[in-house]
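Engineer: Sequence:
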Amino acid sequence: MKGFFKKHINGCLYPIDPDVIRFVQKLKAGTTVEGEFKRKRNIKMLRKYMALIRTIHEALPEPVEVEFRGKVINPEWTEESTRKWLAVRCGYYHVLGLPNGKVQIEADSISFAKMDEETFEKLYNATIDAALKVLPKTWNEAELRTVAEQILEFA
Numbered sequence: 227m228k229g230f231f232k233k234h235i236n237g238c239l240y241p242i243d244p245d246v247i248r249f250v251q252k253l254k255a256g257t258t259v260e261g262e263f264k265r266k267r268n269i270k271m272l273r274k275y276m277a278l279i280r281t282i283h284e285a286l287p288e289p290v291e292v293e294f295r296g297k298v299i300n301p302e303w304t305e306e307s308t309r310k311w312l313a314v315r316c317g318y319y320h321v322l323g324l325p326n327g328k329v330q331i332e333a334d335s336i337s338f339a340k341m342d343e344e345t346f347e348k349l350y351n352a353t354i355d356a357a358l359k360v361l362p363k364t365w366n367e368a369e370l371r372t373v374a375e376q377i378l379e380f381a
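Residues in the sequence shown are numbered from 227 upward in steps of one, following the numbering used here.
Keep in mind the hints are simulated off the structure, nothing from the lab. Bear in mind the structure is a predicted one, so any value in this text is a computation, not a measurement. Honestly, I wouldn't trust all of these hints.
Unchecked claim - Result set (SDA-like, lysine to any residue): computed pairs, CA atoms no more than 20 Å apart in a straight line:
#, residue 1, residue 2
1, Lys266, Leu239
2, Lys232, Ala277
3, Lys264, Pro244
4, Lys266, Phe346
5, Lys252, Leu239
6, Lys266, Glu343
7, Lys310, Ser337
8, Lys232, Lys270
9, Lys310, Met276
10, Lys310, Ala356
11, Lys228, Gly261
12, Lys228, Lys310
13, Lys232, Asp243
14, Lys359, Pro244
15, Lys252, Phe230
16, Lys310, Thr345
17, Lys359, Lys266
18, Lys359, Ser337
19, Lys254, Pro289
20, Lys264, Met227
21, Lys266, Met341
22, Lys266, Ala285
23, Lys348, Thr308
24, Lys233, Met276
25, Lys310, Ile336
26, Lys340, Tyr275
27, Lys270, Phe230
28, Lys228, Thr257
29, Lys348, Val360
30, Lys310, Gly327
31, Lys340, Cys316
32, Lys270, Glu306
The task is simple: from the sequences and hints, build the whole structure.
Structural biologist: Dropping the structure here:
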């Protein structure tokens, strides 16, 4: 069974969803149960991260046309491609094996189901560090954080 609990000031965890409340009520006093606990992801932190990505994306130059397999192409440049590029630079990626024996690097998913809050917070801070290495030198950490906060306030 999966459920949500809230920590009370006295240090105890209390179930907060109906199914878990019913389950706990049926337990006899002294019964031991086993569980795996994770902090619930914070939607505000996700919005703040996406505001940060938008800020970085808008500050970076667009990629130039490149030749690929004999054709000149204009690479897609979206906020999502910026997010993935930065995630890989921060070390949040996995390696895919391809049938031709080569490998492909792919950014980790930031979905609530695939990344816990602690890892996500580390990614957020690492993204700021990575961005400062590629943005024009006029940007600093405080400014990046402030602009992301301001975007979040207007959203």
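Engineer: Now tell me, hint by hint, if it's right for this structure.
Structural biologist: Structure-based check of all given hints:
no. : hint              : verdict
1   : Lys266 <-> Leu239 : 14 Å, holds
2   : Lys232 <-> Ala277 : 29 Å, violated
3   : Lys264 <-> Pro244 : 19 Å, holds
4   : Lys266 <-> Phe346 : 11 Å, holds
5   : Lys252 <-> Leu239 : 17 Å, holds
6   : Lys266 <-> Glu343 : 7 Å, holds
7   : Lys310 <-> Ser337 : 13 Å, holds
8   : Lys232 <-> Lys270 : 18 Å, holds
9   : Lys310 <-> Met276 : 12 Å, holds
10  : Lys310 <-> Ala356 : 12 Å, holds
11  : Lys228 <-> Gly261 : 9 Å, holds
12  : Lys228 <-> Lys310 : 31 Å, violated
13  : Lys232 <-> Asp243 : 10 Å, holds
14  : Lys359 <-> Pro244 : 48 Å, violated
15  : Lys252 <-> Phe230 : 17 Å, holds
16  : Lys310 <-> Thr345 : 16 Å, holds
17  : Lys359 <-> Lys266 : 31 Å, violated
18  : Lys359 <-> Ser337 : 26 Å, violated
19  : Lys254 <-> Pro289 : 64 Å, violated
20  : Lys264 <-> Met227 : 14 Å, holds
21  : Lys266 <-> Met341 : 10 Å, holds
22  : Lys266 <-> Ala285 : 32 Å, violated
23  : Lys348 <-> Thr308 : 18 Å, holds
24  : Lys233 <-> Met276 : 29 Å, violated
25  : Lys310 <-> Ile336 : 10 Å, holds
26  : Lys340 <-> Tyr275 : 16 Å, holds
27  : Lys270 <-> Phe230 : 19 Å, holds
28  : Lys228 <-> Thr257 : 18 Å, holds
29  : Lys348 <-> Val360 : 19 Å, holds
30  : Lys310 <-> Gly327 : 23 Å, violated
31  : Lys340 <-> Cys316 : 17 Å, holds
32  : Lys270 <-> Glu306 : 18 Å, holds
When each numbered hint is compared with the structure, violations occur for hints 2, 12, 14, 17, 18, 19, 22, 24, 30.
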